[in-house]
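Peer 1: What follows is each chain in one-letter form.
Protein chains: 2
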Amino acid sequence: MFKKVSIFGVGLIGGSFALALKRAGVVGQVFGVGRSATSLARAKELGIVDVASSSVEEAVRDADLILVAAPVAQTEAILASIEPFLQPDTIVTDAGSTKTDVVEAARKALGGKIAQFVPGHPIAGREQNGPDAAIVDLYVGKKTVITRLPENSASDVARVAAAWEQCGAIIHKLTPEEHDRVFASVSHLPHLLAYALVDDVARKPHADVLFQYAASGFRDFTRIAGSSPEMWRDISLANQAALLGELDAYMAQLVQLRELLAERNGKAIEAVYANAQRARQNWIKTIESAEQQNKQGGD
Amino acid sequence: MFKKVSIFGVGLIGGSFALALKRAGVVGQVFGVGRSATSLARAKELGIVDVASSSVEEAVRDADLILVAAPVAQTEAILASIEPFLQPDTIVTDAGSTKTDVVEAARKALGGKIAQFVPGHPIAGREQNGPDAAIVDLYVGKKTVITRLPENSASDVARVAAAWEQCGAIIHKLTPEEHDRVFASVSHLPHLLAYALVDDVARKPHADVLFQYAASGFRDFTRIAGSSPEMWRDISLANQAALLGELDAYMAQLVQLRELLAERNGKAIEAVYANAQRARQNWIKTIESAEQQNKQGGD
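Chains A and V are the protein sequences, given in the same order.
Read in full-length UniProt numbering, the first sequence has 239 at position 239, and its numbers run on one by one without any break.
Read in full-length UniProt numbering, the second sequence has 75 at position 75, and its numbers run on one by one without any break.
So that you can see chain A by itself, here it is in the shape it has in the complex (with noise of 0.2 Å):
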């Protein structure tokens, strides 16, 4: 049970976990606090929060949790403008994208304060953002993944747990480190291709005649380019070490790749092309029996 609540950012991920919370019936207070006045009017409107500030010393003041869900880049301003306040009985968590760069901020924002800060992801979003988007049941049946660091108690770290449980949400543990590697590949990367294939398509001189017979094999594998550009420069810019390696294993795919179909390889192009089917098809029945269970355990 939290008495009080606050939430730095009320949209899509934020005011989620603020309406999930409530109907969960464990909060007393949910308390927003950004920097967007619209924002907040309209988070207090819909009833994800209780009260709307735009006072830090007030949403810390008294709060037994603290969300940050801005955008990383904002991460560490946002701290530092808590840590003043902050009392020793408030835990400070976060939500974003990526985790090393989120917890190097915490560091220089929180100093000697960083154990009472437990860096979390929940693994949830959709298309719309804004207090709008917010929906009750966006973390039901997803992972948020804690990187807890070595300074937090093992109690801090239950409560943040316990909170997304309240969601609905499924608690993995990774390091920072681990968690950066693996969003870099299979998150953070192919964002990086389906933009840079929108991006190669969309410059070339016949470009209107390319997307003229593009179809649904080209739609579904762009989708992602069609995300915000601002926040993904941000994921790649905080996660850019793990990026860049990631990056550099896949462009010596392409050339080991360019090179058998150089040399019509047919039968090592049929190698690839195969094992990455036969993978594809392991984790989808992977994730269908995981649905199956997850319904079945729910009704």
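Check each hint, because a few of them may be wrong.
One copy or two, either will do: identical chains are not told apart, so a pair holds if it fits within one copy or between any two.
Claimed, not checked - EDC-like, lysine to aspartate or glutamate: derived pairs with alpha carbons at most 20 Å apart: (1) LYS285 with ASP132; (2) LYS3 with ASP50; (3) LYS143 with ASP220; (4) LYS143 with GLU165; (5) LYS108 with GLU165.
The set of hints was computed from the structure by calculation and includes no laboratory data.
Starting from the known structure of chain A, arrange chain V on it as the hints suggest.
Peer 2: Below, chain V without anything else, positioned relative to chain A:
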């Protein structure tokens, strides 16, 4: 009106063509021919073909139109088997995903009868294959590209176009070379990239952890890596020249993006991402307004 249409390969593509011509009431007899007796029997059972046979001679005799709807790598052998029986009043067309190599194969196989071959490519498909996957509506509202040869008569081209139009398709015309460059860019390259990414992830020592955290973005990006490895090996080899060109351009683009990331040039990275997002949004708008118009026209 066609008295007799013969189809080499009564699977998804050939079978759907037959069903659509029958519904339109523009064909007297559909004659199915192929290597698999099981597929032929099934196609007969399903009412896709009126006659099923393994005899090429019977298939070609008195046919107005012959459609070769087999994997592109088999085109030359099939056309060579047709050639001895081919009469001057029969038109031959195909449904191959690549065109330069098909034209080359046709010139070898048909020699002096090349004028009778009008190459085509219906841009439609489904995940399933075989006669059971054939559906009457497969081509409705979809493009069929005709890549006419200098030797083709205008009336033969018009007759092939009319057959596809009877199936509901919209006719586009490109040269074989244009066709192959366009599809290398918007279809063949994305397939290669998706296969490469899944293979890359699957071969990492911690692949199981990676797949565990892969979410909907990864799922859509890699959907086309679930396609048939044999088919895409054939397409990659058949369109080797154009595909190498597109792959090189894409790799150059990745090298550039890598540099921007290494030097933390956020502004330039965002510009690439934003250009891609804008181009994709415009493309999607065009598709959606075309779909809207098709619907209005159809009702």
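Peer 1: All hints are to be evaluated individually against the structure, with a verdict given for each.
Peer 2: Tested hints:
In the homo-oligomer, the alpha carbons of LYS285 and ASP132 never lie at most 20 Å apart, since the shortest distance is 34 Å inside one protomer and 23 Å across protomers. Taking identical chains as interchangeable, the C-alpha atoms of LYS3 and ASP50 lie at most 20 Å apart only when both belong to the same chain, with a minimum of 12 Å there against 75 Å between chains. Proximity of LYS143 and ASP220 under a CA criterion of 20 Å is satisfied inter-copy only: 19 Å between copies versus 23 Å inside one chain copy. Taking the shortest alpha-carbon separations for LYS143 and GLU165, only the intra-copy value of 10 Å comes in at or below 20 Å, while the best inter-copy value is 49 Å.
In this homomeric assembly, LYS108 and GLU165 never come within 20 Å of each other (Cα to Cα): the closest approach is 29 Å inside a single copy and 67 Å across copies.
Checked against the numbered hints above, the structure violates hints 1 and 5; every other hint is satisfied.
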